[in-house]
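Asker: For reference, the chains in residue letters:
2 protein chains.
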Amino acid sequence: MELDYSQAGFTEKQIFNTAVKLLPTINEMNSIVKTRNWASDYASLLLPSEKTFLHQSHRVLKQVKADNFIVVGIGGSNLGTLALQEPLGKKIFYADTTDPDHLKSIIKQCKGKTLVNIVSKSGSTTETIANACTLLKELKNYEVIVTTDSGSKLDKEAEQNGWLVLEVPSRVGGRYSVFSNVGLLPLAWSGLNTTKLLDGAELMIESCMSNDVEENPAAILASLIYLNYQKNRVVFDQFLFSNDLEALGKWYRQLLGESIGKHGIALTPTVSIGSTDLHSMGQSYLGGADNKFYRIVNSKFKNSAIVPKNNLAPNLNGKSFNKIMNSISTGFQTALANRKKPFVSFNIDKTEEELGGLMQLEMVEVMLLAKLLKVNAFDQPQVEEYKKHTRKLLK
Amino acid sequence: MELDYSQAGFTEKQIFNTAVKLLPTINEMNSIVKTRNWASDYASLLLPSEKTFLHQSHRVLKQVKADNFIVVGIGGSNLGTLALQEPLGKKIFYADTTDPDHLKSIIKQCKGKTLVNIVSKSGSTTETIANACTLLKELKNYEVIVTTDSGSKLDKEAEQNGWLVLEVPSRVGGRYSVFSNVGLLPLAWSGLNTTKLLDGAELMIESCMSNDVEENPAAILASLIYLNYQKNRVVFDQFLFSNDLEALGKWYRQLLGESIGKHGIALTPTVSIGSTDLHSMGQSYLGGADNKFYRIVNSKFKNSAIVPKNNLAPNLNGKSFNKIMNSISTGFQTALANRKKPFVSFNIDKTEEELGGLMQLEMVEVMLLAKLLKVNAFDQPQVEEYKKHTRKLLK
Numbered sequence: 002m003e004l005d006y007s008q009a010g011f012t013e014k015q016i017f018n019t020a021v022k023l024l025p026t027i028n029e030m031n032s033i034v035k036t037r038n039w040a041s042d043y044a045s046l047l048l049p050s051e052k053t054f055l056h057q058s059h060r061v062l063k064q065v066k067a068d069n070f071i072v073v074g075i076g077g078s079n080l081g082t083l084a085l086q087e088p089l090g091k092k093i094f095y096a097d098t099t100d101p102d103h104l105k106s107i108i109k110q111c112k113g114k115t116l117v118n119i120v121s122k123s124g125s126t127t128e129t130i131a132n133a134c135t136l137l138k139e140l141k142n143y144e145v146i147v148t149t150d151s152g153s154k155l156d157k158e159a160e161q162n163g164w165l166v167l168e169v170p171s172r173v174g175g176r177y178s179v180f181s182n183v184g185l186l187p188l189a190w191s192g193l194n195t196t197k198l199l200d201g202a203e204l205m206i207e208s209c210m211s212n213d214v215e216e217n218p219a220a221i222l223a224s225l226i227y228l229n230y231q232k233n234r235v236v237f238d239q240f241l242f243s244n245d246l247e248a249l250g251k252w253y254r255q256l257l258g259e260s261i262g263k264h265g266i267a268l269t270p271t272v273s274i275g276s277t278d279l280h281s282m283g284q285s286y287l288g289g290a291d292n293k294f295y296r297i298v299n300s301k302f303k304n305s306a307i308v309p310k311n312n313l314a315p316n317l318n319g320k321s322f323n324k325i326m327n328s329i330s331t332g333f334q335t336a337l338a339n340r341k342k343p344f345v346s347f348n349i350d351k352t353e354e355e356l357g358g359l360m361q362l363e364m365v366e367v368m369l370l371a372k373l374l375k376v377n378a379f380d381q382p383q384v385e386e387y388k389k390h391t392r393k394l395l396k
Numbered sequence: 002m003e004l005d006y007s008q009a010g011f012t013e014k015q016i017f018n019t020a021v022k023l024l025p026t027i028n029e030m031n032s033i034v035k036t037r038n039w040a041s042d043y044a045s046l047l048l049p050s051e052k053t054f055l056h057q058s059h060r061v062l063k064q065v066k067a068d069n070f071i072v073v074g075i076g077g078s079n080l081g082t083l084a085l086q087e088p089l090g091k092k093i094f095y096a097d098t099t100d101p102d103h104l105k106s107i108i109k110q111c112k113g114k115t116l117v118n119i120v121s122k123s124g125s126t127t128e129t130i131a132n133a134c135t136l137l138k139e140l141k142n143y144e145v146i147v148t149t150d151s152g153s154k155l156d157k158e159a160e161q162n163g164w165l166v167l168e169v170p171s172r173v174g175g176r177y178s179v180f181s182n183v184g185l186l187p188l189a190w191s192g193l194n195t196t197k198l199l200d201g202a203e204l205m206i207e208s209c210m211s212n213d214v215e216e217n218p219a220a221i222l223a224s225l226i227y228l229n230y231q232k233n234r235v236v237f238d239q240f241l242f243s244n245d246l247e248a249l250g251k252w253y254r255q256l257l258g259e260s261i262g263k264h265g266i267a268l269t270p271t272v273s274i275g276s277t278d279l280h281s282m283g284q285s286y287l288g289g290a291d292n293k294f295y296r297i298v299n300s301k302f303k304n305s306a307i308v309p310k311n312n313l314a315p316n317l318n319g320k321s322f323n324k325i326m327n328s329i330s331t332g333f334q335t336a337l338a339n340r341k342k343p344f345v346s347f348n349i350d351k352t353e354e355e356l357g358g359l360m361q362l363e364m365v366e367v368m369l370l371a372k373l374l375k376v377n378a379f380d381q382p383q384v385e386e387y388k389k390h391t392r393k394l395l396k
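Protein chains in written order, with this note's numbering: chain V, 2 to 396; chain H, 2 to 396.
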């Protein structure tokens, strides 16, 4: 993974002056990792070095063989899994929102035995319950595994039905839970090497716990998002130059949005996919206001086709698709730089290690950013505001 | 289609005071429609009442029978088609960005005869040429139809190869071209009733040409987006409560972004999908800054499943998925209203008439909004800034 922040709008001195303010938090995180303190808000930092869940997921999948896998869960319960499965694994079905057409199409495609993995921390998410009940009524040949908090309503229902239950450590919130069994079980079924995934994340934890902020990528990135936000750059766009990384962008959108979108903070995460969205948003990103900060993520296709000889665009003859995509991304970065619109860029390989590392980096980055913004990275107090009205309507 | 703007943050008096400023533009549009002036920037307004292209697309599809249809095009060349095909038609393949894995998967799925529709106004879009050349080399049984400007390089290449060419009226830009053969041909193949689609759009043109601004939905909506932007609501979010309307949101994102994202304008379009994105962005939308204006689009599922009897959420027993989705959307709207965060809401039926009407409404709305913002709705001058660097790199 390569990170370039030379065009991010601030000097190293400015960045490090902000980053040093994070040292007390980094020290606190360090001590939580060292003492393996699962009672802390930072408990998710223990997941990469915790092999219990990894072994549990492998054991379960040795017992339960299935032809299909459905994750029934929404938001923090499925976005991390989707983010990694899309670039790296075989197809999993997702039942997230209550969409009867989508459910029907899943049921139709499930031939043979299906593993239905109901994922809900609280065990009472409306969409998840509605989807799970419908699936269990319609599917003929299935086994259920529940991933939930110990003691939830879903946990009790599982006991009555004899369903297998995998627990999520109670202090690990949905948006930080991808390296628990929320992600590990479906991803292992999907064929990912989840050992390498955790290895990549664990290595990144080490970098992000560094007291030398000049070498700490999470501290540097959190500082940059913060400094750009102070300059009224209220949109933080994840611009991913690969179709199969769109879900990674959407996972991060929740991570950032839910962690810092409180107390009237204006910072808003968005997702763009290259090169497609240059043909829709490129004009606005270049010609519109300087109110955005970009994280550009470049990655290579494994299978890089070559453009055949043709008369329409002779300059493309023999060029690889990787070369074309890279030239489009570089062209956009040059245009941004010429307009002094700030961005950081990543080059990553689509492997378990690198994507595991990137997601871990982004989780620590968001925790640190929340500190700079003086908000709690782990709660979501306003979500209840719409849920209570919905409950009234569904009484 | 029902439009409710009672929670949009402004009184009717304020809205109409802004809307009347649009009367000269509405009059100009009216005269262009009446004189059928294809040389005007507003030429796209003539498309719904222009039956030539409709008949042309029907004639072509009678001659060319195909088992598969690939739209090779990006941005304005495919987003409108996708927006309508997803909720209403059978599967079309799209080759937009240069993604070799995606191309490979399309080729694998194309059994029988394939219609390759190369869509590019300029005829020189890098991604489109690279994808088209690769597809034509790999596919065994295909026919090509080109949709382009008269005289483009692609037009000439088509002549040499004996490919059928459908012209796009030269003053109709990509993002306003869905009711030309850019959209009509693939959508007719996909099974949509494109006659009804144009009927819905034509009816909407009538409403949007009304001199009585209190009855003109495009003038009202343009005024509301403008007034909210003046209050520093820099994000305009399309919140669509239906998975299959995501592409409609992305089509609008280009329409708005490319039409007004210039001269440093800060207004940024975003897309959210309900209920999924309430589980990622709901916290931020309610607890974050009051810097957004929302258009909430509700629609019913045709196939509304019923939640079976269950112990987990007895309150959901026997409730329809439509009822659940509607309650979630209403709950969110109530929560927004309680926080005085402004929104308009639409209830639409997913039919050709209503979606055709909605898209036409949104196109006129954006043209009028550009007038209020004093920008040209029809150019995209900054796009060239990245393309020139890309071209250098691909020499």
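Treat each hint with caution, since some may be false.
Because identical chains cannot be distinguished in the list, a pair is counted as satisfied if it fits within a single copy or across any two copies.
As the list claims (entries may be wrong) - Straight line, CA to CA, 25 Å or less: simulated DSS-like cross-link-like pairs of lysine-lysine: (1) Lys91 with Lys105; (2) Lys105 with Lys92; (3) Lys232 with Lys351; (4) Lys114 with Lys310; (5) Lys52 with Lys375.
Calculated from the structure, these hints are not laboratory results.
Asker: Each of the hints needs a verdict: does it hold here or not?
Answerer: Quick rundown of the hints versus the structure:
Taking the closest pair of Cα atoms, Lys91 and Lys105 come within 25 Å of each other both inside a single copy (21 Å) and across two copies (16 Å). For the homomeric pair Lys105 and Lys92, the shortest alpha-carbon distances inside one copy (17 Å) and between copies (17 Å) are both at most 25 Å. Taking identical chains as interchangeable, the C-alpha atoms of Lys232 and Lys351 are never at most 25 Å apart, the minima being 33 Å within one chain and 43 Å between chains. For a Cα distance limit of 25 Å, the shortest separation of Lys114 from Lys310 across copies, 24 Å, qualifies, whereas the shortest one inside one copy, 47 Å, does not.
With identical chains, the CA atoms of Lys52 and Lys375 are never at most 25 Å apart, being 33 Å at best within one copy and 60 Å at best between copies.
Going down the numbered hints, you'll see the structure goes against 3, 5, while the others check out.
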